[in-house]
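**Q** Protein sequences appear in the order of chains Y and B.
Okay, so the first sequence: first residue is 1 according to the working numbering, each after it adds one.
Okay, so the second sequence: first residue is 1001 according to the working numbering, each after it adds one.
Calculated from the structure, these hints are not laboratory results.
Warning: the hint list may mix true and false statements.
[What the hints assert, rightly or not] Some residues of chain Y that are not near chain B, with every Cβ distance over 10 Å (derived):
{"no.": "1", "residue": "ALA54"}
{"no.": "2", "residue": "GLU57"}
{"no.": "3", "residue": "ALA83"}
{"no.": "4", "residue": "ILE108"}
{"no.": "5", "residue": "ARG149"}
{"no.": "6", "residue": "ALA161"}
{"no.": "7", "residue": "LEU164"}
{"no.": "8", "residue": "VAL179"}
{"no.": "9", "residue": "MET181"}
{"no.": "10", "residue": "LEU215"}
{"no.": "11", "residue": "TYR218"}
{"no.": "12", "residue": "GLY233"}
[Said to hold, decoys possible] Interface residues of chain B toward chain Y, partial, derived using beta-carbon atoms under 8 Å:
{"no.": "13", "residue": "ALA1052"}
{"no.": "14", "residue": "HIS1056"}
{"no.": "15", "residue": "ALA1059"}
{"no.": "16", "residue": "HIS1085"}
{"no.": "17", "residue": "ALA1087"}
{"no.": "18", "residue": "TYR1100"}
{"no.": "19", "residue": "LYS1152"}
{"no.": "20", "residue": "TYR1168"}
{"no.": "21", "residue": "TYR1224"}
{"no.": "22", "residue": "LEU1341"}
As the structure is a computational prediction, the values presented were derived from the model and not from experiment.
Virtual Cβ for every residue (Gly too), placed ideally from N, Cα, C.
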Amino acid sequence: MTRWLPRAYLVLVYLLLYIPIGVLVVFSFNDSRSGYTWGGLSLRWYQSLFNNNAMVEAMWNSLWLALSAATVSTVIGALTALALHRYRFRGKKVLNGMLFVVMMSPEIVLAISLLALFLLVGIQLGYVSLLLAHVTFCLPFVVITVMARLSGFDESLPEAARDLGASDFTMTRTVLIPVIMPALLAGWLLGFTLSLDDVVVSTFVSGPSYEILPLRIYSMVRVGLKPEVNALGTLLLVFSLVMLMLSQWILTRSKR
Amino acid sequence: MKKTLLSLSNLTKQFDGKTVLDSLSLDIYDGEFITLLGPSGCGKTTLLRLMAGFEHPDAGTITLSGEDLTGTPPEHRPLNTVFQHYALFPHMSVFDNVAYGLKMEKRPKEEIRERVEEALAMVQLQDYMRRKPHQLSGGQQQRVAIARAVVKRPRLLLLDEPLSALDYKLRRTMQVELKRLQRELGITFVFVTHDQEEALSMSDRVVVLKDGLVQQLGTPREVYERPANLFTARFVGETNFFPGEVESIHDGTITVDVFGLKRTLRRPDFPVREGQSLHVLLRPEDIRVLDPADEQGVAGKIVERNYKGSTLDSVIHLEYGTEVLASEFFDEDDPAFDYRLGEPVKVSWVDGWEWLLPEEADESVNEDALTDA
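If we strip away everything but chain B, and leave its shape as in the complex, we get:
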């Protein structure tokens, strides 16, 4: 049984009459790496700012290990923040930046020096103590910001899109480094991002947010493989949606008609009835591209192919009008494996690799919801 560290219950926040958080509840466990994921405007940053104490909720409570923090000002909360643009004090050296929090605690000079050096060594910046922030690269500034936040040994570290200003390569390095830090320090990390890849690769649990509501809460695997709704399915990773119709219902399985194929699939958790329409979700890597002469599968032709290094991503235009995204790994036996545009193929998948979702009343969660993803 995991211990709850920070408990948010029924948090509501409005800005100028616009609801940003809508009675949101969330329990954060001690020592976990939890990510708040969502498009911009979903309320993830507001949620973080409520935890830090920079904003106050209109309703609801925040408790840390049973102690009510809702009205506590930020300086009295045992948690620290890593800001999106680092927010290093420009007039102080790296040492003084990191020492700031300890000086506020009025620690003895010797202890401050020791702990600052220790924190800077942790992020491999012990040789840069005398520098000013503007003399450091973006990645180094980021590491100073992290050292400054962890030097106080907070119970909880809040990270507000801390890697978004870094270039791709540096971002990957910092992701690994952050994970390592989190393991070594044993501090609970609350990480905010709009980058689903980052969320999946770093987190113990992911909270998918939209319009101030939790869409799904689960491990990266659950969120990716078993999305709770269409929004999560579309937002986290690429997904193919096939329209299906329930033909018959059996004990543990149902028979579904997908593009004229009768497939026997695992019966989903939600109630089904015969004749019902539903979505059959397939990730691009679950799609099998077959020879046009193959018995099973839906016919179509290749309309786009993208060489991605380790995979070959192709877009297949089905005879039914739908476009399918397929991502296939290169095979050692056939290194020259490729398609030509217009090549006829058939598309199928292995039974059991699909995920079923019911149709939603609000089907408008289309591409426009993802523009800022």
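So that you can see chain Y by itself, here it is in the shape it has in the complex:
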């Protein structure tokens, strides 16, 4: 008894986690209009998904936004982490603490304050406002990921590079960045995922000119769940699995 009980518990936990996802995947291939009865295998919801122009556009918008937000925040975040790591300056602690404030504060607060800011400055709600908002909440995660890597960084590596004739810039390009690459990649992926599934902040700062996927799905659900959503969910699942495997592959390769 003592042997099967923990196993059964483990199985139960995993079932609870994965059954809904499994159901979603299975029902994305369901021919029935209803979400609850099985009507045979079909790809009709995938077809209808790709015929839904608004949906496809929202998907591309979301991907493009996530891509650009992750990239911009990785660049700014990596430079911030380097500055915090390398230099001693006034207000360093405050700057460091402020990153955590952004990370810890409720998303709704960030959303409202960003909206107020954009209205005040006169930035049109759309791609630019979304990008700025997403970069803002992705940034601390990137900085912290990169700083964690830098804290374990052998300080004599840059010195060795300089000693062998590399200028500060060449050293950064040929030694520093390659060594912290896994952290940059991890930070980028984190930013990408955070941006892709953000709802709260996006709800506030998006405009009619640039509709993104989570908001599109949300509005669809309100008028009634269509099995198209299952197909979309399955595609996103496959996409994130591929991304995850890709990142793992890059990480293990860079270690070798």
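Based on the hints, put chain B in the right spot on chain Y.
**A** Chain B in isolation, oriented as in the chain Y frame:
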């Protein structure tokens, strides 16, 4: 007359108000193997980092063959460093690590390949070119670090405790190998260590440092046999200190009272006067352990004996309260030579094997100064 390669003059360096180097001057000769020896915190690593250009002196100048290097950044100094923890680039192969410095010089590909292979052959690692550093053992990583530093044919090689992370046996092998490399390459080596044995066995000259000041500069033999002060005497090797009092002064000799023995010793370089107290220094291997019935010598008894393979090291507690360390070689005639604890003996030495030092105002250079040695 030896040619000076690197000249350090009046170097001063402070960190957060704490003086690490105090107006230190030192001339390093072309082609020599010079060792900076001292306990941790003595400034030896800082001195090396000033030479490499990783730190800048608060005052003083560094010149290489007459050319002022003081403000030159590390990438423009014709010298290279072997780091304590090797600092190999983890994302590059052994080949790329060694090639790094030549790539920075924008050498043609063919020349880079040739010189890298040559450098790796020198450290017997030509078969490991495609490996990544983490696939090598500590000793191999060390050799890659050396190859990477010498491939640029620097005028001067700086080595920052390069052997401290290796185990004892490997360290001995690398010591021999480093000496061989230095002879073959003809490059000046500046070696930093806190291991006095390493310093004595490898160097042409040893610089003993303490508190940012040079305590003594000389050949290993000079430093060991004729220490300039109590610190050097205590730091380099084991030493017995006998209190002596000058009884009378003659032409080339003085008569000194040591534990009631009247010994006529060579007159030291420092000024002496009658009645003055001084230290009589004797290395453990200079101590003679005699039969208790012997006429001369100071009586005591054995309180500890350590079999060391080639020597028998014993501690003798003198009747005067002092403990004496003696190190005797095994005699072929008497392989079973040994002491038992508590055995009464007499202790003496051969005249002329002692070294005399005056008493110092600051006599506190005791064991605590040696804890990290």
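**Q** Taking the hints in turn, state whether each one holds.
**A** Hints versus structure:
The Cβ of Y:ALA54 lies farther than 10 Å from every Cβ of chain B, with a closest approach of about 45 Å, so its non-interface assignment holds. No beta-carbon of chain B is positioned within 10 Å of the beta-carbon of Y:GLU57; the least distance is around 41 Å. Its beta-carbon lying about 20 Å from the closest one in chain B, Y:ALA83 satisfies the requirement of being farther than 10 Å from that chain. Listed as outside the interface, Y:ILE108 is consistent with that label: its C-beta sits roughly 42 Å from the nearest C-beta of chain B, beyond the 10 Å cut-off.
Listed as a non-interface residue, Y:ARG149 keeps its Cβ farther than 10 Å from every Cβ of chain B; the least gap is roughly 12 Å. The claim that Y:ALA161 is not at the interface with chain B is violated, since a C-beta of that chain comes within 10 Å of its own (minimum 7 Å). With 10 Å as the threshold on Cβ separation, the claim that Y:LEU164 sits away from chain B is violated: the shortest Cβ distance comes to roughly 4 Å. For Y:VAL179, the non-interface assignment is contradicted: its Cβ lies about 6 Å from the closest Cβ of chain B, within the 10 Å cut-off.
Y:MET181, annotated as away from the interface, has a beta carbon of chain B within 10 Å; the closest lies near 8 Å. The beta carbon of Y:LEU215 sits about 41 Å from the closest Cβ of chain B, which is more than 10 Å, so the claim that it is off the interface holds. Every Cβ of chain B is farther than 10 Å from the Cβ of Y:TYR218; the closest lies at roughly 43 Å, confirming the non-interface assignment. Listed as outside the interface, Y:GLY233 is consistent with that label: its C-beta sits roughly 38 Å from the nearest C-beta of chain B, beyond the 10 Å cut-off.
With 8 Å as the threshold, the beta carbon of B:ALA1052 comes within range of chain Y, its nearest partner Cβ sitting at about 6 Å, so the hint holds. Interface hint status for B:HIS1056: violated, as the beta-carbon distance to the closest one in chain Y is roughly 13 Å, over 8 Å. The criterion of a C-beta within 8 Å of any C-beta in chain Y is not met by B:ALA1059, whose closest approach is roughly 23 Å, and the hint is violated. Interface hint at B:HIS1085: satisfied, since its Cβ lies 7 Å from the closest Cβ of chain Y, which is below the 8 Å cut-off.
For B:ALA1087, the shortest C-beta to C-beta distance to chain Y is roughly 4 Å, which falls under 8 Å, so the interface hint holds. With its C-beta approaching chain Y no nearer than about 5 Å, B:TYR1100 sits inside the 8 Å limit, and its interface hint holds. Hint on B:LYS1152 holds. Least Cβ distance to chain Y is approximately 7 Å, under the 8 Å limit. The beta carbon of B:TYR1168 comes no nearer than 24 Å to any beta carbon in chain Y, farther than 8 Å, and the hint placing it at the interface is violated.
With its C-beta approaching chain Y no nearer than about 32 Å, B:TYR1224 sits outside the 8 Å limit, and its interface hint is violated. For B:LEU1341, the interface hint is violated, since its Cβ never comes within 8 Å of a Cβ in chain Y; the closest pair sits about 49 Å apart.
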